[in-house]
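Novice: The primary structure of each chain is shown beneath.
Protein chains: 2
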Amino acid sequence: MKDQASVLRETDGEARKLARTLLRSARYAAIAVLDPESGFPFSSRVLLGTDIDGVPVILVSGLSTHTRALDADRRASLLTGEPGKGDPLAHARLTTQCLAEPVERDTDVHARIRGRFLSRHSKAKLYVDFPDFRFFRLVPQSASLNGGFGRAYVLDGEDLMIRSSGNEALAARADAIVLNLIETDSDLARRAAGAKAEKRIDWRICGLDCAGIDVISGDFLVRYEFDEVAEGVEGACSHISNIKYAIPEI
Amino acid sequence: MKDQASVLRETDGEARKLARTLLRSARYAAIAVLDPESGFPFSSRVLLGTDIDGVPVILVSGLSTHTRALDADRRASLLTGEPGKGDPLAHARLTTQCLAEPVERDTDVHARIRGRFLSRHSKAKLYVDFPDFRFFRLVPQSASLNGGFGRAYVLDGEDLMIRSSGNEALAARADAIVLNLIETDSDLARRAAGAKAEKRIDWRICGLDCAGIDVISGDFLVRYEFDEVAEGVEGACSHISNIKYAIPEI
Numbered sequence: 367m368k369d370q371a372s373v374l375r376e377t378d379g380e381a382r383k384l385a386r387t388l389l390r391s392a393r394y395a396a397i398a399v400l401d402p403e404s405g406f407p408f409s410s411r412v413l414l415g416t417d418i419d420g421v422p423v424i425l426v427s428g429l430s431t432h433t434r435a436l437d438a439d440r441r442a443s444l445l446t447g448e449p450g451k452g453d454p455l456a457h458a459r460l461t462t463q464c465l466a467e468p469v470e471r472d473t474d475v476h477a478r479i480r481g482r483f484l485s486r487h488s489k490a491k492l493y494v495d496f497p498d499f500r501f502f503r504l505v506p507q508s509a510s511l512n513g514g515f516g517r518a519y520v521l522d523g524e525d526l527m528i529r530s531s532g533n534e535a536l537a538a539r540a541d542a543i544v545l546n547l548i549e550t551d552s553d554l555a556r557r558a559a560g561a562k563a564e565k566r567i568d569w570r571i572c573g574l575d576c577a578g579i580d581v582i583s584g585d586f587l588v589r590y591e592f593d594e595v596a597e598g599v600e601g602a603c604s605h606i607s608n609i610k611y612a613i614p615e616i
Numbered sequence: 367m368k369d370q371a372s373v374l375r376e377t378d379g380e381a382r383k384l385a386r387t388l389l390r391s392a393r394y395a396a397i398a399v400l401d402p403e404s405g406f407p408f409s410s411r412v413l414l415g416t417d418i419d420g421v422p423v424i425l426v427s428g429l430s431t432h433t434r435a436l437d438a439d440r441r442a443s444l445l446t447g448e449p450g451k452g453d454p455l456a457h458a459r460l461t462t463q464c465l466a467e468p469v470e471r472d473t474d475v476h477a478r479i480r481g482r483f484l485s486r487h488s489k490a491k492l493y494v495d496f497p498d499f500r501f502f503r504l505v506p507q508s509a510s511l512n513g514g515f516g517r518a519y520v521l522d523g524e525d526l527m528i529r530s531s532g533n534e535a536l537a538a539r540a541d542a543i544v545l546n547l548i549e550t551d552s553d554l555a556r557r558a559a560g561a562k563a564e565k566r567i568d569w570r571i572c573g574l575d576c577a578g579i580d581v582i583s584g585d586f587l588v589r590y591e592f593d594e595v596a597e598g599v600e601g602a603c604s605h606i607s608n609i610k611y612a613i614p615e616i
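Residue numbers (our numbering), protein chains in the order written: chain A, 367 to 616; chain B, 367 to 616.
Hints listed in this document are in silico derivations from the structure and should not be mistaken for laboratory results.
This one's a predicted model, so the numbers in the text were calculated from it and none came from an experiment.
There could be a bad hint or two in this list.
No distinction is drawn between identical chains; accordingly, a pair holds when it is met within one copy or between any pair of copies.
[As the list claims (entries may be wrong)] Below 25 Å or equal to it, Euclidean Cα-Cα: the simulated BS3-like pairs (lysine-lysine) are:
1) Lys-451 <-> Lys-489
2) Lys-491 <-> Lys-451
3) Lys-383 <-> Lys-562
4) Lys-489 <-> Lys-562
5) Lys-451 <-> Lys-562
6) Lys-383 <-> Lys-489
7) Lys-451 <-> Lys-565
8) Lys-489 <-> Lys-565
9) Lys-383 <-> Lys-491
10) Lys-491 <-> Lys-565
11) Lys-562 <-> Lys-491
Between the sequences and the hints, there should be enough to build the whole structure, so can you do that?
Specialist: Below, the structure written as structure tokens:
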């Protein structure tokens, strides 16, 4: 990337937050892998989730080209950030370079990933347990953020990870916490969606980690990032309680 | 692909037409290339056009990773077919494996591609002539069509090409033909968009070749494929005149 120095901007907190949000709010991505038969790059579409440490997760069929490719070569690239109206290149997008790790069935990690994935993609319940379907964790190694014309940034893989001593504890209690949040504050998910909640209904929390929460309305997913990463369950709940006042009541 | 035989369907005319439409109606694509520095696949977004022979065309900055990658290795993969509402994997998409050919400036081919590209992407006028911006033709070698769950097809690169003796003649006269069409039948573009024209206005023709026409309304592009490839200008005009009666007046 050295020869790009003149167009690259210095990676600041705002760029990192935008990159995290693009990765964590993507329901799907274009994945690029290396086709083991031809050596060509191969681009296809995958559903995307995240693990408790922010690592993107895919659920794929063993019959697909991308799965056979990842079995032969772990290197993969994810494009997230969908264009809205107008010029597609004016919309921010993120390329994340990853190393794929297969997730073994009948493990705690698999159960955690499965639960988080189905909270986000409820229709995947139909096939998640088929014998040929598998999860991969795609561990970020580096990333390129394009925030629109002339706004390019390079990130480390670490910038996209959630490093918190509270990850395991939060994962273990996430379902109970979400249930409790719904009971005590039924409007929380809508407020977390902020301005994007407009004209959409039936918001629900579909993900919770030490860096933020994911809320969804139909097929529209929004990521709410905390101001800082929580170091435990109490910290995460404290950040969530702040959402109550982050956006004024309409 | 041999081990995929059980999930692959026989590639028929309907599958080929869907594949062509997915490629020719895409305003943008996810491109996958081989990063020359890391060997990783690299996924990013590009604006897409087509040449007169159906070959997809991209306009890229020499400063971008994908351009430097294509200079080092011609192999590329294009993902087209955007998900609408609902399950992203229920929407048809096409992976096209291509070999990139740089388009030399100050040639007839460059002028033809430039004109066609700007008809589709009018905002690209702002930078198309910048010295670091270049066109590549991405010549299809093979393709994988995923028409939704359990509907997978393999195609030859040739299936996506427009092989007509009339290509050159039509390219030379396309602008004049489109002008004439607009004068004689101002409603043609809307009718070509068919059912997709609903609730959108200001349809215009933004592309014409021996296999069909492209029409656009704002940032919504529709491909109308002729029933068969025309072998000359007259044949193409005859197919276009059929559009007049293909869709009943509302």
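Novice: Each hint: holds or not?
Specialist: Hints and how they fare:
In this assembly of identical chains, the alpha carbons of Lys-451 and Lys-489 lie at most 25 Å apart only when taken from different copies (13 Å versus 27 Å within one copy). Taking CA atoms no more than 25 Å apart as the test, Lys-491 paired with Lys-451 passes between copies only; the shortest distance there is 19 Å, against 32 Å inside one copy. In the homo-oligomer, the alpha carbons of Lys-383 and Lys-562 lie at most 25 Å apart inside one protomer (17 Å), although the nearest pairing across protomers, at 37 Å, exceeds that limit. For the identical chains of this complex, Lys-489 and Lys-562 are intra-copy neighbours only, at 23 Å inside a copy versus 27 Å across copies, given an alpha-carbon limit of 25 Å.
For a Cα distance limit of 25 Å, the shortest separation of Lys-451 from Lys-562 qualifies both inside one copy, at 15 Å, and across copies, at 17 Å. For the homomeric pair Lys-383 and Lys-489, neither the shortest alpha-carbon distance inside one copy (29 Å) nor that between copies (29 Å) is at most 25 Å. In this homomeric assembly, Lys-451 and Lys-565 come within 25 Å of each other (Cα to Cα) both inside a single copy, at 17 Å, and across copies, at 15 Å. Taking the closest pair of Cα atoms, Lys-489 and Lys-565 come within 25 Å of each other only inside a single copy of the chain (24 Å); across copies the shortest separation is 30 Å, beyond that limit.
Within a single copy, Lys-383 and Lys-491 get their C-alpha atoms no closer than 31 Å, and across copies no closer than 32 Å, so neither meets the 25 Å cut-off. Neither within a single protomer nor between protomers do Lys-491 and Lys-565 lie at most 25 Å apart by alpha-carbon distance, with minima of 28 Å and 35 Å respectively. For the homomeric pair Lys-562 and Lys-491, neither the shortest alpha-carbon distance inside one copy (27 Å) nor that between copies (32 Å) is at most 25 Å.
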